[in-house]
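Heads up: the protein sequence lines correspond to chains A and D, in order. For the first sequence, the positions run 1 to 508 when this note's numbering is used. For the second sequence, the positions run 1 to 508 when this note's numbering is used.
Fair warning: there could be bad hints in the mix.
Any copy, or any two copies together, can satisfy a pair, since identical chains are not distinguished.
Straight-line Cα separation of at most 25 Å, SDA-like style, residue types lysine to any residue; simulated pairs [what the hints assert, rightly or not]:
1) Lys112 / Pro127
2) Lys139 / Arg27
3) Lys112 / Trp154
4) Lys114 / Ser336
Don't read these hints as lab results, they were simulated from the structure. Computed from a predicted structure; not experimentally measured.
Number of protein chains: 2
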Amino acid sequence: MARSPKNKGVSPSRQEDFPAWFQAVVREGEVAELAHVRGCMVIRPWGYAIWELMQAELDRQIKKSGASNAYFPLFIPLSYFEEEAEHVEGFAKEMAVVTHHRLEEDPADPGKLKPGGELTEPLIVRPTSETIIGKSFAKWINSYRDLPLMVNQWANVVRWEMRPRVLLRTTEFLWQEGHTAFASEEEARDNTTEMLEVYRRFADEFLAMPVLTGEKPEEERFPGAVMTLSIEAMMQDGKALQAGTSHYLGQSFAEAAEINFLNREGERELVHTASWGVSTRLLGALIMSHSDDVGLRLPPTVAPRQVVIVPIPRGDDGAAVLEAAETLAREIGELSFQGAEVRAMADLRDREPPDKRWEWTRKGVPLVLELGPRDLKEGVVALRRRDAGDAKPESLERSRVATAIPELLAEIQGSYHRAAVERLASRTREDIADLDGFREWFDTDPSDADAGGFVRAPWSEAPESAELLEDLKVTVRCLPFDQDLAPGATCVLTGKPAVTEAIFAKAY
Amino acid sequence: MARSPKNKGVSPSRQEDFPAWFQAVVREGEVAELAHVRGCMVIRPWGYAIWELMQAELDRQIKKSGASNAYFPLFIPLSYFEEEAEHVEGFAKEMAVVTHHRLEEDPADPGKLKPGGELTEPLIVRPTSETIIGKSFAKWINSYRDLPLMVNQWANVVRWEMRPRVLLRTTEFLWQEGHTAFASEEEARDNTTEMLEVYRRFADEFLAMPVLTGEKPEEERFPGAVMTLSIEAMMQDGKALQAGTSHYLGQSFAEAAEINFLNREGERELVHTASWGVSTRLLGALIMSHSDDVGLRLPPTVAPRQVVIVPIPRGDDGAAVLEAAETLAREIGELSFQGAEVRAMADLRDREPPDKRWEWTRKGVPLVLELGPRDLKEGVVALRRRDAGDAKPESLERSRVATAIPELLAEIQGSYHRAAVERLASRTREDIADLDGFREWFDTDPSDADAGGFVRAPWSEAPESAELLEDLKVTVRCLPFDQDLAPGATCVLTGKPAVTEAIFAKAY
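Next up, chain A with everything else stripped away, as it sits in the complex (with noise of 0.2 Å):
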């Protein structure tokens, strides 16, 4: 029999076009959906469930680091962005603006509203939140006995897109948003680097994306910033995608909304500022990273369910297959796998057995059993890896379900960051030594998924090697921390002698 249609995984394939798969997979995968109004987003129960996992981890991580959490309002006074001039420069274009606080009957079209109750000041819905948690800082904050104050806050947040793209471009996502405050230099520019470390290490050992790390050049810092400093990961078509960045803000902030402290001597000084962020991006990230032509395809640490048992009850045995299944699904749920329970369910709804598999497949659930009649009386389950792609089901033993579980979901995991290591390894060039080299690198077809990558190269920061970039669609990623200049070499793009080592690359 042939497969419908809506059981062959997503169409279409990354190699037919890759932007067109990446949402196929998000749709068909039951993550999110531009919805309601231009350019905002319904996360989905599966979507959101791979979030709170996400979460719960960053979570951890943030208060270890010191910080605690805290909520300051959606609303910024536009009074706030007028005194940080450049941070306004770099945001003042794309910001929803309240300007009223009532609705009322329109007499001119009875049943419909208007807008009401014009603000005498505009409100401006937060697209980062710098400002007014620097206000609420410089109340909080008298002597050196009050710093280092580190607070960080789950949120929305709100910027204009003109061209919105679900997950990775959206007009509101939600994010993490940390902010601290330090008596030194020093301090904060130690835990704008600690941030960055902790995104690295959640990037590459939560969500199995190895990323590049270093620090933005001058153009690409965030609006104000002193040092902006970036992960940076690979997607399957070799474009990169800023994943986390974290900013030594300086003193400007401080200066702005003027948070000082009395300093050990009695003396007034300015804190030095740091803020850093992860959003929703991170789970197109995830997709991006991971993903196939079926759908899907989530690394166990933040796949909602790990394991999902579909029964197939057939003939006289359905009652015992599915208490059979429920048994199992019990029985998996009780082992451990990097230190919780094991997320196991046994899907018993109203559905035909292969649409169960084929959506659950679609959805990335590493392990899909099933079990029928015969299985049942040979004691064996038929084990599906999400990471074997099309290969037939192997047969697994009953008795070795408690040790083979475990085992298997360390495969994928393992398996899915190999693939990705190697990936940013074979596709990041870094014998391209002239602009020759490097416009064919980068002039290719953009739906081929397989062509391009990073490169890696000498570069002389010269004004002019903007335009050459910009012509080709290029752009810096980062200058990564571990900078590797021979002496003498020359920009990869200008010819002229280098001052950095810098990632290049096409981006999301």
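Knowing the structure of chain A, use the given hints to seat chain D on it.
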């Protein structure tokens, strides 16, 4: 030595001015503050940590009920509100309206910004999400196989407040809103009742706050609902606080959003929907239930720190005392209370020990242990129970710590609960039979925390009772589930034949 005013606890006392006392407890306990934007609040780290503990427990209960978390857009198109007429009428007056999506330099006033990019359709910042979630449900629900559908969202919502009060009545607040759809009225009503019971148990067992449960009278229903249930708590001033609601919405929202499904007979039917929520108001309720004239008192279940050790390092033994405090904190942190590790810390900050002790006392920590050189020598710690008022510290032998701490925490949880139960019982009058007695009970000085309370009495639901109640600033809180109306009973307000028992109270 006289205590400095800072160390005396909060001012005024509950007796002097209950509402001002509440604000002082919230401020001095570093729970929250109104700041930045009229009616908006900052939830400070200590307050947010309490909220996180509430969230974790409630989230567990919500998931157990079968609902999954998801996230829906912050912005709701104005047109969505025009579709459910009754719903609009209830909410139309108090919403934040986004009309522009850009800030621009103001050419008339250099350095200043003004709204630009007017939207063709204004967007409403969600006051609640029935309309928008309904539209998604309509897309996701096709057949009876897709039912029930149960989602929950933890989110911020905005309802413009003209007379804001921190935690109780704020323009922006945090909440969870559950939205569920069912094939039958019976299931939807069951879900409505089940979730109210989740809230009741949560308030009673987790917050040590007993509540009454019942149905709201018709005028107090959620706009558009068929039935609204609530839990009602009694604050220390005898006033009621609605601490959670659960609504059966019938089919009107389903009709407006066109949420229908193919039933087993192959016919299209409208679903029945329900919604339920609790908010950061619960933080206010918690405080007004348990706190005293010194400051916050937190039931151990919701105390971010259940035990704080304040070292008193004097003379040569200073280092040994600090070390012993850390060791003790670690030891206590390995103990278990209610199935989780005890949240203990040693306060090693560079401050005076009495200041530390008063800070933790004002912040409601259930147990503060003090440890000085002499305690160290004698193998004891000085123990202060937050439920013991101004009593002198007890001396606790180090060898007894492991068994004593969990017991003490259980005792404190019990003592707060007992006091609240006794208050609810002793200040609920069931013996008031006529309007004179009713008037006398409620005609009190609003700043007198000891006067008034609830009245449980027969009610006629007659229209003229509304006016009487308004004069006295009393409301019908609910029609309690455990009805016990005597045959021939007459209305406490009008003397007419009663149709129900009701709970009457002044309320927040």
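Hint check against the structure, violated hint numbers in rising order: Hints 3, 4 are the ones this structure does not satisfy, whereas the remaining hints hold.
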